[in-house]
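Residue strings, one per chain:
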Amino acid sequence: MALAEAVLATLILIATFGLLIARQVRGAINCYAAQSILLGGLAIAMFAGSRLPHLLALGLLTIGIKGIAIPAVVRFQVRGSTYQRREIAYYVGFPTALLLGAGLSLVGLVAASRLPFHPYLLSEPVLGLAIAVILLGLFTTMARRDAVLQLAGLLAAENGVLLVGLVVSPELGLLIEFALVLDVVIGVAVMGFLIARMHETVASTDTSELTRLRG
Amino acid sequence: MLAAAIGQCVAVATVLLLAPLLKGIIDNLKAKVQSRRGPSPLQPYFDLRKLFRKERSASGDASWVFRIAPYVAFAAPIAFAMLIPVLTAAPLSWAFMADMVGSGFVIGIGGYFTNLAAMDSASPYGGLGASRSRLVSSLAEPTLILIFFAIGFISGGTVPFVANNILYTTSALISPSHALIAVAFFMVVLAEAGRLPIDNPTTSQELSMIEGSRLFEYSGPDQALMEWGGWMKLFVLLIVWLNVLIAPDGLATQLTVSAFAIAIASLAVKMLCAALLIVGVESALAKIRILRVPEYLGGTFVLSFLAVVLYSLGR
Numbered sequence: 003m004a005l006a007e008a009v010l011a012t013l014i015l016i017a018t019f020g021l022l023i024a025r026q027v028r029g030a031i032n033c034y035a036a037q038s039i040l041l042g043g044l045a046i047a048m049f050a051g052s053r054l055p056h057l058l059a060l061g062l063l064t065i066g067i068k069g070i071a072i073p074a075v076v077r078f079q080v081r082g083s084t085y086q087r088r089e090i091a092y093y094v095g096f097p098t099a100l101l102l103g104a105g106l107s108l109v110g111l112v113a114a115s116r117l118p119f120h121p122y123l124l125s126e127p128v129l130g131l132a133i134a135v136i137l138l139g140l141f142t143t144m145a146r147r148d149a150v151l152q153l154a155g156l157l158a159a160e161n162g163v164l165l166v167g168l169v170v171s172p173e174l175g176l177l178i179e180f181a182l183v184l185d186v187v188i189g190v191a192v193m194g195f196l197i198a199r200m201h202e203t204v205a206s207t208d209t210s211e212l213t214r215l216r217g
Numbered sequence: 003m004l005a006a007a008i009g010q011c012v013a014v015a016t017v018l019l020l021a022p023l024l025k026g027i028i029d030n031l032k033a034k035v036q037s038r039r040g041p042s043p044l045q046p047y048f049d050l051r052k053l054f055r056k057e058r059s060a061s062g063d064a065s066w067v068f069r070i071a072p073y074v075a076f077a078a079p080i081a082f083a084m085l086i087p088v089l090t091a092a093p094l095s096w097a098f099m100a101d102m103v104g105s106g107f108v109i110g111i112g113g114y115f116t117n118l119a120a121m122d123s124a125s126p127y128g129g130l131g132a133s134r135s136r137l138v139s140s141l142a143e144p145t146l147i148l149i150f151f152a153i154g155f156i157s158g159g160t161v162p163f164v165a166n167n168i169l170y171t172t173s174a175l176i177s178p179s180h181a182l183i184a185v186a187f188f189m190v191v192l193a194e195a196g197r198l199p200i201d202n203p204t205t206s207q208e209l210s211m212i213e214g215s216r217l218f219e220y221s222g223p224d225q226a227l228m229e230w231g232g233w234m235k236l237f238v239l240l241i242v243w244l245n246v247l248i249a250p251d252g253l254a255t256q257l258t259v260s261a262f263a264i265a266i267a268s269l270a271v272k273m274l275c276a277a278l279l280i281v282g283v284e285s286a287l288a289k290i291r292i293l294r295v296p297e298y299l300g301g302t303f304v305l306s307f308l309a310v311v312l313y314s315l316g317r
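Note that the protein sequences, when read in sequence, are chains Y and V. Heads up: the first sequence is residues 3 to 217, going by this note's numbering. Heads up: the second sequence is residues 3 to 317, going by this note's numbering.
Just chain Y, with the same shape it has in the complex:
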């Protein structure tokens, strides 16, 4: 495995940690954008090593759609009070989240080391990092009360799934990966509209406020 792949995979994990401990909606969206751009960079670095053309396409698609378009759409939809708010609502405090995140990463790394696995383009540690990214993303959706942060966590977990895909089967056809990327776009659109409507109805994106909707 080349230097670039190892560094990029590591930075993806660090960006996910950044999302987990982000205190502002703005910071969380930036972390997600950074994570996606790094993931796209990883795919392009793998293309440079293997000359599989669809990896280049996948990398460019990931950077364009997940790194630039989706963050822009989410920023547009949550503009105003949510975006500018300094501190977000949470269920799990930041130091606790950091420690639990370390534990979850540990689970991911140990799980990957136990899996039967034949390194192809990326080595086994990256599989561990990828599983850690999925767990951290899902943990973010649980730990934060803000709907935008939950969306960012879900998208980060989805990036982790794509990273697992890159490790396990980098030869997966472009068509399938394109379908996955499009799926994410539709998902973001739907969730973005839900967040916008929620903001209209309860004047907040804090999901705990939704209990007020009981008739």
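Treat each hint with caution, since some may be false.
Said to hold, decoys possible - Derived DEER-like restraints, expressed as beta-carbon distance ranges:
1) 101/Y x 286/V: 24 to 34 Å
2) 144/Y x 205/V: 32 to 42 Å
3) 285/V x 163/Y: 28 to 38 Å
4) 33/V x 113/Y: 46 to 56 Å
5) 270/V x 51/Y: 25 to 35 Å
6) 112/Y x 223/V: 52 to 62 Å
7) 163/Y x 147/V: 34 to 44 Å
8) 195/Y x 44/V: 57 to 67 Å
As the list claims (entries may be wrong) - What the simulated footprint calls covered on chain Y by chain V, stretch by stretch (three residues with Cβ under 8 Å from a Cβ of chain V suffice, anywhere in the stretch; the number is not a length):
9) 11-18
10) 99-111
Because the hints were derived from the structure by calculation, they are not lab data. Ideal Cβ positions, reconstructed from N, Cα and C, are used throughout, including at glycine.
Given the coordinates of chain Y, assemble chain V onto it according to the supplied hints.
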């Protein structure tokens, strides 16, 4: 033997002479980023000359600790520079005096005496700065120890020169655990050297200072030694980051003049890149609240912890 001693002296002289330049370049580039013209990169040398010409003054209540602290703070990074691969890949005469933990003590004793002196002068800001810098250092300690463990794991030795050789010659350089260590160590260097986001080195507000408030009571040559020591501390910590962890290329393998010239030039290029990185970080980030410092350093601890786990799983 003589050649090794001369090489050692050249390495120390490099640290002594280039450390103020690094500070000057960082200040100049930061000003450029903020659309100001900024001070000349040579400004720290002018500052040193000015301070060495002034007379020293000390509080009548200050003890001997206050008087010797500048010399300790100045000597600690110099002693540290003898233990790390500044210019040569092969260990020089005094390289085996201490391993990484020992060299951590050597660099730590400068900060220790600075803190004692800050409290000794009984200035309220000195006490504040000393207490805060202890908070930062004590939280950085677990991370540093874990990084030493991880490097020891990977390279099979804790002497910086050995680690440098092993990392350079094996594929350990390109594993994710190595990358995690590199990121964590850089974050710790920023915290230990009093840079943003932990401490703002250019602030003029006493209440938000960490490093700066410890030097308030010093004047003249004492202040010059203190500041020079601080710049050298950043310089030698960055050398460890660059030459041991990131880019061991360019180090002299033989004790010849041409090899040393190449080593100094490559160190200058690497330092310029590090300066650009620091300027980028300091221009992008604001200083974080003192109560969030544990989170920042906790983050470095988590990264180095994952590095150790990742490496031990991979074996």
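Taking the hints in turn, this is what the structure says about them:
no.: 1; hint: 101/Y x 286/V: 24 to 34 Å; in the structure: 26 Å, holds
no.: 2; hint: 144/Y x 205/V: 32 to 42 Å; in the structure: 39 Å, holds
no.: 3; hint: 285/V x 163/Y: 28 to 38 Å; in the structure: 35 Å, holds
no.: 4; hint: 33/V x 113/Y: 46 to 56 Å; in the structure: 49 Å, holds
no.: 5; hint: 270/V x 51/Y: 25 to 35 Å; in the structure: 32 Å, holds
no.: 6; hint: 112/Y x 223/V: 52 to 62 Å; in the structure: 56 Å, holds
no.: 7; hint: 163/Y x 147/V: 34 to 44 Å; in the structure: 35 Å, holds
no.: 8; hint: 195/Y x 44/V: 57 to 67 Å; in the structure: 58 Å, holds
no.: 9; hint: 11-18; in the structure: holds (count 5)
no.: 10; hint: 99-111; in the structure: holds (count 7)
Comparing the model with each earlier hint shows no violations; every hint is respected.
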